[in-house]
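As given, the protein sequences belong to chains A and B, one line each in that order.
The opening residue of the first sequence carries number 313 in my numbering; numbering runs sequentially from there.
The opening residue of the second sequence carries number 19 in my numbering; numbering runs sequentially from there.
Honestly, the hints are just simulated from the structure, not real lab data.
Note that beta-carbon positions come from the ideal geometry of N, C-alpha and C, so glycine has one too.
Honestly, I wouldn't trust all of these hints.
What the hints assert, rightly or not - Looking from chain B toward chain A, a few residues come up when the C-beta cut is under 8 angstroms (computed):
no. : residue
1   : Ser-171
2   : Ala-208
3   : Ala-260
4   : Leu-261
5   : Val-265
6   : Trp-272
7   : Phe-327
8   : Gly-329
9   : Val-330
10  : Glu-333
Said to hold, decoys possible - If you want the footprint, here are the derived chain B segments under chain A, 3+ residues with CB under 8 angstroms:
no. : stretch
11  : 135-149
12  : 193-200
Chain by chain, the residues run as shown.
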Amino acid sequence: MKHRYLTNVSTLLLTEAKCCGCGRCVEVCPHRVLRMIGSTARIDDKDGCMECGACAKNCPTNAISVVAGVGCAYAVIVGWLTGSKPSCDCSGGSECC
Amino acid sequence: MRGMCTTARSVMTLSKHGSAPIVSTTLHINDVVGAWRMRWGIGRMTYTVQPGLYAVGKPDHASCVLVSANYKLTFDALRSELAGLNCRLLILNTRGINVWCAAGKGTFGTDELVARIAGTGLADKVTHRTLVLPQLGAPGVCAHEVTRRTGFSVVYGPVRARDIKAFLSSGLRATEEMRRVNFTVWDRLALVPMELVPAVKVSAIVFGAAFLANLFAARSFGVLDAIIYAGAVVTGTVVAPALLPLVPGRAFAWKGWLLGLVWTAGLTWLNGWFVPEFVVRAIGYLLVLPSLSAFLAMNFTGSSTYTSFSGVIREMKIAVPLIALSSVVGILLILINGFSSR
């Protein structure tokens, strides 16, 4: 059964004019958000994006931008309480991933 | 050009694997027990293997190099899928964290990979210049930068170790299915203990508080109260993750709240608490317990494979104030009922 999260929240942006058509973003996306149409990448399912940042990190022409972060409520709470950026380094790394 | 390295068992055993330790592709009973311990969070942050280069079978200068993390659970999952292959494993130091989480932190990253290639002298041990990385390492690794700095090109392999043989035998080609992250009911249930263990620890405090309250309360807290509370915890940490895609709605907190409401309302009715003597406590439970389930289910976003940071923030900005308000009012009502003489 397919999982769907909230709609219209992803910060994923693709500037198609900058795309070199290497297909790297399509290769790395864990939710098949991007697709090659001819020699250009397209965002096919923006609401499927979990903002992991793999596509942007591996884009050789910086055609993709996304505010990558952890989709983890616990990390957000720790971030709010400590005033730091939410990360997986919660609780000193004792009980987390 | 893909498929530049070979994995077929070499007939001429060149034994060029040099000093790299040879790893077994079968798991020992200790590995199975270790995996169980990890799932329950016992000694989880120190379950590591030494970073560096390992040999599987009898690799030669043309054999594939697979890159992975030094979490032993990851290392075991990978090696147990490599029976019959000749290849090398380049294990990065992710401080005992799995590939995907480490990539998110950047420890499974470009710098570590570049340094590990240099430190192991990999370029002298293989004649090809191709590295196979797990696809889920991509959030931490910039493939073109690795190539620029080391001369090695990066091919992202499948998401799951169990697809690695099919990937290698098809000339380093992954199917759509190999590239997609799933979150099956078994995947979710495997993560449940790590939700349950911290919740049980906190619950010990709650039970302690209820025990103390019973010393002074007019209407004491009994077994039924313990059951309705424990059920709400289980609803948020076990039932909500297990039924995740089946529960209507998208926000995790909402899913948890809905299930918590069904549980709490059902038990309150079964216990016959909708009577004047107990109705204040019943309303209190209906405010507190679904909120508790909601909070616990919301924390499962961290274990899920598809929630975005922006989405979690959106969800929390609405859910957290409601959970807090509902809980405070509910706790007050429960205390009023417990300590009032009428």
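Verification of the supplied hints:
Taking 8 angstroms as the C-beta contact cut-off toward chain A, the hint placing Ser-171/B at the interface is violated, the least distance being around 11 angstroms. A cut of 8 angstroms between beta carbons decides the hint on Ala-208/B: the least distance to chain A is about 13 angstroms, and the hint is violated. Because the smallest distance between the Cβ of Ala-260/B and any Cβ of chain A comes to about 12 angstroms, over 8 angstroms, the interface hint for this residue is violated. At its closest, the beta carbon of Leu-261/B sits 10 angstroms from a beta carbon of chain A; the interface hint therefore is violated under the 8 angstroms criterion.
With 8 angstroms as the threshold, the beta carbon of Val-265/B stays out of range of chain A, its nearest partner Cβ sitting at about 11 angstroms, so the hint is violated. Taking 8 angstroms as the C-beta contact cut-off toward chain A, the hint placing Trp-272/B at the interface is violated, the least distance being around 10 angstroms. Evaluation of the Phe-327/B hint against chain A yields a held restraint, the C-beta minimum of about 3 angstroms falling below 8 angstroms. A least Cβ separation of about 4 angstroms between Gly-329/B and chain A falls short of the 8 angstroms threshold, and the interface hint therefore holds.
Interface restraint check for Val-330/B: the shortest CB-CB distance to chain A comes to about 5 angstroms, inside 8 angstroms, so the restraint holds. Against a cut-off of 8 angstroms between C-beta atoms, the interface hint on Glu-333/B holds, since the closest Cβ of chain A lies about 7 angstroms away. Coverage of the stretch 135-149 of chain B by chain A is violated in this model, with 0 residues showing a Cβ closer than 8 angstroms to a Cβ of that chain against a need of three. Here the stretch 193-200 of chain B counts 4 residues with a CB under 8 angstroms from a CB of chain A, which clears the bar of 3, and the coverage holds.
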